[in-house]
Amino acid sequence: MKTNATASPLKITRNRLYTLIALGAFVVLAIVADLFFDAFTLRVFNLCAIYIVLALSLNMLNGFTGLFSLGHAGFMAVGAYVCALLTMSPQLKDMNFFLMPMVPWLRNVTIPFLPAIIIGGLAAAFVGFLIGAPVLRLRDDYLAIATLGFGEIIRVLITNAQPITNGAQGLKGLPRFSTTFTVWIAAALVTLFMVLLMRSSYGRAMKAVRDDELAAEAMGINVFKVKVTSFTVSSFLAGIGGALLGHMITTIDPKMFTFMLTFNILLIVVLGGIGSISGSVIAAVVVTILMEVLRFLDEPLNFIVFKTAAMPGLRMVVFSILLMVVVIYRQRGLMGNKEFSWDMLTGLFVRKGRKGGTNV
Amino acid sequence: MSEPTSDLMLRTDHVFMRFGGLTAVNDLNLEIRKNEIVGLIGPNGAGKTTAFNVITGMYRPSEGKVFFGSDDITGLKPHQITAKGIARTFQNIRLFKEMNVLENVLVACDMSIATGMFGATLHLPGYVKREKEARKFSMELLEKVGLKHLAFEKGTSLPYGQQRRLEIVRALATRPKMLLLDEPAAGMNPQESVELMEFIRKIRDEFDLTILLIEHHMQVVMGVCEHMYVLDYGVTIAHGDPASIQKNPKVIEAYLGVD
Ligand SMILES: Nc1ncnc2c1ncn2[C@@H]1O[C@H](COP(=O)(O)OP(=O)(O)O)[C@@H](O)[C@H]1O
Ligand SMILES: [Mg+2]
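Quick note, the sequences are listed as chains A and B, same order.
So the mapping is simple: this note's numbering equals the position in the first sequence, first residue as 1, plus 3.
So the mapping is simple: this note's numbering equals the position in the second sequence, first residue as 1, plus 538.
Since the hints were made in silico from the structure, they are not lab data.
One or more hints might be untrue.
[Claimed, not checked] In silico contact screen, one side only, chain A against chain B (beta carbon under 10 Å); selected entries: (1) Met197; (2) Ile224; (3) Phe227; (4) Thr232; (5) Met319; (6) Leu337; (7) Asn340; (8) Glu342.
Positions of the beta carbon are idealized from the N, C-alpha and C atoms, including for glycine.
Just chain A, same shape as in the assembly (with noise of 0.2 Å):
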């Protein structure tokens, strides 16, 4: 196989050795997190591995696709209520189904996590098959539309089909199986099969498809095919990261899944580069974490010689108003539809040293 001329071995072989460095400083982290970090701050450091899951799923479609979906949040919906549905106890079930009680034979139902969660991206994907096979196509402006009502449309259900979902009441403690360990080789896994998938022929005829349709349909590519692949596959992922997250907060509710939720996927995706696997793993990482430490500004602010009055939502704005700088300043986000390389980041440090240089 060809590479660029600038790939030299000693450097393929440098960059390597970083790449390697880099995983077991991060598997020290992910441990001492574990072993140490008090109950917030490993929440927060495992919440990052889930975006990553659901970010790159969104990223799937709207990056490397070319599909926009707005309906992640209905999927994720799906994956977590399954999952939770199916690892729950029945006395558990019971004590949440304390106004009617549950369908009997869901209530008897209970596998371990590793079946259930699968089972639930597997029930998120035929709902996105489902869903996706009429809607597309059509022209592409009507998925956006379709996949929002199907977001809405979704929570409406679970609120309503009380005797299986338990309504608005939703579902509490949940087991705790999104450990540490699960969290992040979901993550691993995930990045992974993106990154073999978009260096693959399949990968390829997605961009083909993203790039230019027409032209993709007349070099022999079933344009809806791939589509309805892309689609689906990408539902299956927002429900393992659906049903990660329900594992994680133990307690799921209709409300949980709103619109707010997809949002906050598609800021990831904008942010680090629509189409950029390194992008999307990076701006999860760096939302979930100012999204907690942004919190305050939900709260009273205190500015020593005067306080405000809490202004709920006020961090949503600075997020919101974040979106807009970048889809101002920087349309491409973080990454542009690159990825990450050492050799880009030793070239950052060699021309900022020479510009410092020049300045003295």
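Let chain A serve as the given structure and place chain B with the ligands on it in line with the hints.
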């Protein structure tokens, strides 16, 4: 013609294409034989591109049928028609804008790689082998047309003439039997046009192709075409060899004020 009909590569049988009240293609009856280079000419808006879109499955004809060899390909999806062996280029170049030159060509090989999402993602041995072959094949194609040294440049960053060439190479990478070129000489100066026509003849011979070529400047393709069809307002006003077309009064009338 004296050749047997089994030599027919492409035939359109009373094809009509209507958009609302407008009949963009009106009773088109093309007959193109194997290894011919055929010109489809006519003023702007005559319905040439629409005819291409019908043949390649982008539009389903309002009436009539399209045959490729002995197969009825009317109503097939564009990707199915490509798989049958008809490849095309576009009047306004449509390269994959985020991809480099090599990737643009590789996309067209995906059909022959033909691996599902999981086989490709997991880089199963069969996939790896076919992908390797596709890369080799693509690089060879690029070398043949003198674009190899630009393989890792972004396709859309090439000069205009090379973008046109790249579009042709990309179409060739689908391993077609027949090539449809929509105004390949558009925007080129006379010198470049002459070179391009040479190039078209060369690839016809080298890849054993049949070529249908749109051009609205009759002169450009006069030398290269063995047969021509002239459209005006969707109607075929003349067909025959270049010499007879040039003398045809209807053609001269249609072109008055254009060239
Ligand atoms: N999709 C369409 N919808 C409506 N009208 C169209 C469409 N495509 C082409 N036309 C019309 O059909 C006529 C022929 O167009 P076209 O085939 O592009 O001409 P040419 O390629 O010969 O310049 C034009 O009048 C054009 O406006
Ligand atoms: Mg045209």
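Which numbered hints does this structure break?
-> Of the numbered hints, 5, 6 and 8 do not hold.
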